[in-house]
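Enquirer: Each chain, written out:
2 protein chains.
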Amino acid sequence: MEAEGTVPSEGLIPEVETERYVIEENRCVIGSDVGGTKMAVGAVDARGAIILRHEAPSPARDGEKMVTTLVELVNGCIEAARSEGFEVVAVGIGAAGFILHADGVLMEAPNIAWSMVPLEKISTEATGLPSFLDNDANAAAAGEHFAGICQGVDDFIYLTLGTGIGGGIFAGGRLYRGHRGTAAELGHMTVDPNGPVCGCGRKGCLEALASGTALEREAAALARLKKGSLLLEMTGGDLELLTGEMVSAAAEKKDPAALEAFKRVAYYLGLGVVNLIHAFDPETVVLGGGVARSGHLLLDELNEVVAANGIPSLIAGTTITLSNLGGDAGLIGAGAIAWEGIGGPS
Amino acid sequence: MEAEGTVPSEGLIPEVETERYVIEENRCVIGSDVGGTKMAVGAVDARGAIILRHEAPSPARDGEKMVTTLVELVNGCIEAARSEGFEVVAVGIGAAGFILHADGVLMEAPNIAWSMVPLEKISTEATGLPSFLDNDANAAAAGEHFAGICQGVDDFIYLTLGTGIGGGIFAGGRLYRGHRGTAAELGHMTVDPNGPVCGCGRKGCLEALASGTALEREAAALARLKKGSLLLEMTGGDLELLTGEMVSAAAEKKDPAALEAFKRVAYYLGLGVVNLIHAFDPETVVLGGGVARSGHLLLDELNEVVAANGIPSLIAGTTITLSNLGGDAGLIGAGAIAWEGIGGPS
Numbered sequence: 000m001e002a003e004g005t006v007p008s009e010g011l012i013p014e015v016e017t018e019r020y021v022i023e024e025n026r027c028v029i030g031s032d033v034g035g036t037k038m039a040v041g042a043v044d045a046r047g048a049i050i051l052r053h054e055a056p057s058p059a060r061d062g063e064k065m066v067t068t069l070v071e072l073v074n075g076c077i078e079a080a081r082s083e084g085f086e087v088v089a090v091g092i093g094a095a096g097f098i099l100h101a102d103g104v105l106m107e108a109p110n111i112a113w114s115m116v117p118l119e120k121i122s123t124e125a126t127g128l129p130s131f132l133d134n135d136a137n138a139a140a141a142g143e144h145f146a147g148i149c150q151g152v153d154d155f156i157y158l159t160l161g162t163g164i165g166g167g168i169f170a171g172g173r174l175y176r177g178h179r180g181t182a183a184e185l186g187h188m189t190v191d192p193n194g195p196v197c198g199c200g201r202k203g204c205l206e207a208l209a210s211g212t213a214l215e216r217e218a219a220a221l222a223r224l225k226k227g228s229l230l231l232e233m234t235g236g237d238l239e240l241l242t243g244e245m246v247s248a249a250a251e252k253k254d255p256a257a258l259e260a261f262k263r264v265a266y267y268l269g270l271g272v273v274n275l276i277h278a279f280d281p282e283t284v285v286l287g288g289g290v291a292r293s294g295h296l297l298l299d300e301l302n303e304v305v306a307a308n309g310i311p312s313l314i315a316g317t318t319i320t321l322s323n324l325g326g327d328a329g330l331i332g333a334g335a336i337a338w339e340g341i342g343g344p345s
Numbered sequence: 000m001e002a003e004g005t006v007p008s009e010g011l012i013p014e015v016e017t018e019r020y021v022i023e024e025n026r027c028v029i030g031s032d033v034g035g036t037k038m039a040v041g042a043v044d045a046r047g048a049i050i051l052r053h054e055a056p057s058p059a060r061d062g063e064k065m066v067t068t069l070v071e072l073v074n075g076c077i078e079a080a081r082s083e084g085f086e087v088v089a090v091g092i093g094a095a096g097f098i099l100h101a102d103g104v105l106m107e108a109p110n111i112a113w114s115m116v117p118l119e120k121i122s123t124e125a126t127g128l129p130s131f132l133d134n135d136a137n138a139a140a141a142g143e144h145f146a147g148i149c150q151g152v153d154d155f156i157y158l159t160l161g162t163g164i165g166g167g168i169f170a171g172g173r174l175y176r177g178h179r180g181t182a183a184e185l186g187h188m189t190v191d192p193n194g195p196v197c198g199c200g201r202k203g204c205l206e207a208l209a210s211g212t213a214l215e216r217e218a219a220a221l222a223r224l225k226k227g228s229l230l231l232e233m234t235g236g237d238l239e240l241l242t243g244e245m246v247s248a249a250a251e252k253k254d255p256a257a258l259e260a261f262k263r264v265a266y267y268l269g270l271g272v273v274n275l276i277h278a279f280d281p282e283t284v285v286l287g288g289g290v291a292r293s294g295h296l297l298l299d300e301l302n303e304v305v306a307a308n309g310i311p312s313l314i315a316g317t318t319i320t321l322s323n324l325g326g327d328a329g330l331i332g333a334g335a336i337a338w339e340g341i342g343g344p345s
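First to last, the protein sequences are chains A and B. At position 244 of the first sequence the residue is numbered 243 (numbering that gives the first Met the number 0), and the sequence of numbers has no breaks. At position 29 of the second sequence the residue is numbered 28 (numbering that gives the first Met the number 0), and the sequence of numbers has no breaks.
Each hint should be verified, as a subset may be incorrect.
[Said to hold, decoys possible] Here are the simulated DSSO-like cross-link-like pairs (lysine-lysine), alpha carbons at most 27 Å apart as the crow flies:
| id | chain 1 | residue 1 | chain 2 | residue 2 |
| --- | --- | --- | --- | --- |
| 1 | A | Lys225 | A | Lys253 |
| 2 | A | Lys37 | A | Lys64 |
| 3 | B | Lys120 | A | Lys202 |
| 4 | B | Lys262 | A | Lys202 |
| 5 | B | Lys202 | A | Lys262 |
| 6 | A | Lys226 | A | Lys252 |
| 7 | B | Lys120 | B | Lys37 |
| 8 | A | Lys225 | A | Lys252 |
| 9 | B | Lys252 | B | Lys225 |
Read the hints as simulated data drawn from the structure, not as lab findings.
Pulled out of the complex, with its shape left as it was, chain A reads as follows (with noise of 0.2 Å):
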């Protein structure tokens, strides 16, 4: 990926070899992170590092304001990169949504009132450079191929645990679009058919069971029965006002209610892990976002239940992981999906 193997490796540099050299090191791709709450956009270099970065809230509630602010945020890292001495070569955008991949048309998304949104074109005409959309939870899995925890790992799936749940899913170490773009929505497989509702409406999808919000939701029921609890103290007696830091940082401290939240999601996180080795059969499964940030509260718990649950023969073969880039999965992934679509950073 790099341009060093260009650069003879004994010898007089030939000057053209030298100019070349340094354009590559210098070549950069934008990546924008697009969600509900914020928009993050950075220069990310052919190493996947993010050179600099530009954030603003999501005005989610105004379509036409999303475009405009995601327009401007990529215009300004593009100026600004340029004033670095970068070349920008292509934009990347990881959106929060069920994308048309060939068309780089954003369908629809949950908590954005924006659709049918042709992202890719309005970038490429706005920038005057290719651009290239994709699911934000599938960028971030490319994140995690390109300069992550899964770099040279083939086949893998990751999953993004906050509000909701993203998935993203590497084939023969390619991002696995599916027939229209959108496979990989694993937050809304049905794990439990009983289970509570969903926000996209339906009952017992794992993003209901096993997300942030699935956390903060069995963590106050707890703490409402258990009295003494940490959380009642940390909470000011409000348990509306938890959120899932807290938890993380009650179960630091023992607090039964936190710990046994934690428990119930990995539960279900583990039947939904169980069906996914099952189908795919991974070398990996990485878990990312802001849940994956306790991660080992959940990585023990988790493998007990897949080991409790999975066909033996069948999940041998899977490691459970967590995300090494953390919050800039998505934004670095932008900039692979950029990469990726003029055809690699070298």
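Fit chain B to the given chain A structure using the hints.
Expert: Below, chain B alone, put in the same frame as chain A:
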């Protein structure tokens, strides 16, 4: 896939081209569909037609005898094909069980007393021909792609509904096998963690809720409750004798218990299909196997369940359809696996 393309369409046909044409038309492979009940072995030509076929019951309790029976059938078919003037170029084996694809090893199989059998090596040594091993449902999916309903369809899911439920995944025009080769165990995805116990020992697998076995179980339970059911008449009052064929026949005659059994199976099958559509975004979901032979009883019901339980913009791109190869999909598909192994039929 056919050799016609090599024959000039006008003018004199050069002799060497004619010769090549004749030879290619006479090439075939051996396909073996190895299940727990029977083995079907046949010669399959470059178009996916079965030229000849030998069958034998599977000595499922004796792993060594499984191997010798299979080798005898394969060598018998090779001889028979050669005596009819065919050049046999490869052997494909589709076996019920978990396969380590790169090693050509069958790890283990439910209902067959063999484990860690190097079937690819055994077949290569016994026949002198390049041999290729895959899971039986993977092979059946390859059959549908090679010569069945999924010719030209790049992204599809195949489900075989029989005693159990097997699965095969095509992604980008090729079988998706996963990291080791055990992908697509779609019958063992949990659909209801409180559901009935599956043959694999786990609870609420798709197989436990939507296979032919599940259909019989539900129909028998319903017939016990509904006096005057045709099913009681058909079994002479002994519902232990109930078969899937009887349930289908009774449903055709609008027997309420039989219709309700199909409805229950279609509900869980529909939840499973929705999960697969959300995960894979396939162009087509194909149903094969014994239950699918009563496909029209299932299909309307199934489409309703999928429409009611899927996310509209995700399920919009997928069609559910029935296999048109029926019981031959596995044998033809084992042939397709052999052709794939040697780089294609032409």
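Enquirer: None of the hints should be skipped; say for each whether it holds.
Expert: Here is how each hint holds up against the structure:
no. : hint                 : result
1   : Lys225/A to Lys253/A : holds (13 Å)
2   : Lys37/A to Lys64/A   : holds (13 Å)
3   : Lys120/B to Lys202/A : violated (48 Å)
4   : Lys262/B to Lys202/A : holds (19 Å)
5   : Lys202/B to Lys262/A : holds (19 Å)
6   : Lys226/A to Lys252/A : holds (16 Å)
7   : Lys120/B to Lys37/B  : holds (22 Å)
8   : Lys225/A to Lys252/A : holds (15 Å)
9   : Lys252/B to Lys225/B : holds (16 Å)
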